[in-house]
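S.K.: Now for the letters of each chain:
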Amino acid sequence: MRPQGAGPIRTTTTVVIGAGHAGLAMSRCLADRAIDHVVLERGEVANSWKTERWDSLRLLTPNWQSRLPGFGYEGEDPDGFRTMPEIIDFLDRYARVISAPVQTDTTVTSVRADDGGYAVRTGRGDWRCSSVVLATGACNIARVPDVAEAVPAGIATLTAMDYRNPEQLEDGGVLIVGASATGTQLADEIQRSGRTVTLAVGEHIRAPRVYRGRDIEWWMDVAGILDERYDEVDDIVRARRVPSLQLAGSPERSTLDLNALTSIGVQLVGRLVGIGDGKAQFSGSLRNQCALSDLKMNRMLDTIDEWATENGLDDEVEAPHRLPPTEVEDSPPLGMDLTGGAINTIIWATGYRPDFSWLEVPVFDRKGQVRHDGGVVDSPGMYLMGMQFLRRRKSALIDGAGDDARDLSDHLAAYLDGRRTGAPN
Amino acid sequence: MASTETTVDNGVNVEALLEAREALSEAPEAAKFTWRASCKWVNGTHSNSTVEGFFGLGEEQKHRTTFTFDADHPEIFASEDNGATPVELVLVGLASCLTAGVAAVAQNREIQLRSVTATLEAGMDIQGILGMDKDVRNGFDGINVHFDIDADASAEDIKALVAQSQKRSAVFDIVTNPTNVTVEVN
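Line by line, the protein sequences give chains A and B.
Numbered continuously in our numbering, the first sequence closes out at residue 425.
Numbered continuously in our numbering, the second sequence closes out at residue 186.
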């Protein structure tokens with residue numbers, strides 16, 4: 001048992017909640033500014049990576065790309081992709097190198113506004129502080145669609161967060177709902193385990209792993225696509241909702257798109273739109289979803305080609321090429337009997353959402369999302385990290401934490417100065 | 001974009017639509033619309049439908065005029081053919097929704113349209129509606145839409161217009177996804 005509310009109330013300037021890459025990057029930036037702080041972590045450093053990911057997952061971005069303030073990759077395989085133990089080790093070493101003041105096994109149970117600052121209650125005592133950084137991440141809870149309630153008894157259901165490896169599943173058919181990075185990787189692994197996979201495909205973003213001989217993330221990095229700012233895009237609400245790129249971090253650096261899945265026998269169907277009378281219903285929009293995705297990918301590759309030409313790279317890299325269009329059969333199935341034994345398992349790969357149930361400050365919009373301007377939360381002294389397109393397209397990547405932490409710690413330091421001098425902020 | 005100053009005009013007031021979108025994000029309740037139609041049996045398979053009022057932006061609204069639609073079945077069904085069949089009206093709904101979407105998206109993307117023609121075809125095995133074979137559904141076994149579009153844009157950009165139009169189309173959604181239908185009798 002953890003002691004509840006034990007000890008006297010402790011005081012610090014800034015409480016950072018969460019010791020993942022975002023919280024640690026912020027800790028480093030606060031230390032650089034000599035701002036007294038503590039990092040509260042419900043488990044251990046890199047807790048989500050340790051406890052909420054499937055066994056075979058590798059980071060979707062190459063080794064060289066995990067650049068944190070004062071830390072980066074120094075190994076001999078810059079183009080490789082970290083396994084889960086390697087990511088955990090990487091973040092553990094970062095926490096040690098920067099001497100981050102992490103309090104592990106400390107679950108925050110509430111954050112409240114208190115006397116011009118914040119009161120942070122944890123399972124191991126309470127804190128008072130002037131500012132708070134929410135760095136608990138964007139992926140605390142697996143989203144499950146409402147139709148899950150209508151799944152017939154006898155079918156095992158699990159989320160991508162519960163999934164570890166194919167051996168966990170019964171033999172036979174598996175319906176995977178969702179075809180972004182998670183759904184496509186699970187479909188590949190589970191189909192190869194000898195189970196037959198049906199993949200329900202909604203909106204998705206296709207991308208080649210390697211383009212013109214370079215990793216797609218390399219292109220997006222050098223061409224400035226990942227640095228695009230939240231206040232520069234046409235529709236930030238939409239940009240924050242865009243699904244993850246269909247990428248996998250395999251040693252072969254192979255592209256994991258719907259064509260690759262079809263070629264190993266995965267059955268593609270439209271978005272799961274209903275379950276009734278023991279039957280799953282799939283949308284008739286699969287062809288357009290694939291057309292939209294192909295068009296979007298080709299626009300990005302056009303942007304990359306233009307950038308390569310403008311920057312004189314055409315002779316250094318391979319010639320431009322395009323992937324064949326996504327193949328969709330003439331009449332994809334619109335329904336599937338869930339009671340006949342063809343499907344034993346349904347896996348929800350329908351995205352994740354953050355958990356701010358402990359945040360007792362009125363900063364939520366009508367959709368329950370934290371109101372913020374590029375991570376500056378609508379409550380003085382409160383900051384948000386690690387969300388999709390928080391300040392830049394790369395904000396949710398490990399590689400995005402550094403620039404965001406630098407910007408937001410600047411803002412935080414100015415806020416603290418303003419409080420000290422009594423100037424309005 | 002072309003170097004000469006051109007004004008794209010597809011007859012769609014995109015500014016008004018974008019302003020409405022902005023206003024509705026502040027007042028999402030006003031975005032809840034109710035659409036209505038009424039239908040009177042005339043004789044045989046002939047019926048006459050009317051659309052007039054609808055609800056939206058928080059109050060009752062009215063079309064500029066009352067619109068009526070005759071529906072019937074062709075003579076080979078031993079009917080009098082006083083109007084399009086209901087399934088053809090579904091195709092009309094889908095075609096006009098996608099076409100309106102193409103115009104709106106083109107305006108927003110500053111693409112001048114010169115002509116847009118949609119041609120639709122839907123297969124149906126009437127053993128379903130005649131109750132001859134329970135394995136045959138009543139409705140279409142598929143719908144094919146073909147667009148011929150002449151516009152100041154690349155082939156890829158035109159494909160993107162049509163794809164985006166499907167993504168934002170109400171009738172495309174209604175046709176491709178299930179909808180609960182409740183039918184009551186007085």
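Accuracy of the hints is not assured; some may be wrong.
Said to hold, decoys possible - Okay, derived cross-link-like pairs now, EDC-like style, lysine to aspartate or glutamate, Cα gap no bigger than 16 angstroms in a straight line:
(1) K367/A <-> D157/B
(2) K159/B <-> E80/B
(3) K279/A <-> E149/A
(4) K279/A <-> E203/A
(5) K296/A <-> D157/B
(6) K367/A <-> E110/B
(7) K296/A <-> E156/B
(8) K167/B <-> E228/A
Source of the hints: derived by calculation from the structure; they are not laboratory data.
S.K.: Decide, hint by hint, whether the structure agrees.
M.R.: Here is how each hint holds up against the structure:
Simply put, K367/A and D157/B have alpha-carbon atoms about 33 angstroms apart, too far for the 16 angstroms limit, and the pair is violated. About 40 angstroms separates the Cα atoms of K159/B and E80/B, which puts this hinted pair outside 16 angstroms; it is violated. Simply put, K279/A and E149/A have alpha-carbon atoms about 13 angstroms apart, close enough for the 16 angstroms limit, and the pair holds. At roughly 22 angstroms between alpha-carbon atoms, K279/A and E203/A are farther apart than 16 angstroms, so this suggested pair is violated.
Only pairs whose Cα atoms come within 16 angstroms are accepted, and K296/A paired with D157/B is accepted, the gap being roughly 11 angstroms. Between the alpha carbons of K367/A and E110/B the distance comes to roughly 32 angstroms, so the proposed pair goes past 16 angstroms and is violated. This hinted pair checks out: K296/A and E156/B have alpha carbons roughly 10 angstroms apart, not beyond 16 angstroms. Of the pairs offered as hints, the one joining K167/B and E228/A is violated, with about 25 angstroms between alpha carbons and a cut-off of 16 angstroms exceeded.
In this structure, the hints that do not hold are numbers 1, 2, 4, 6, 8, in rising order.
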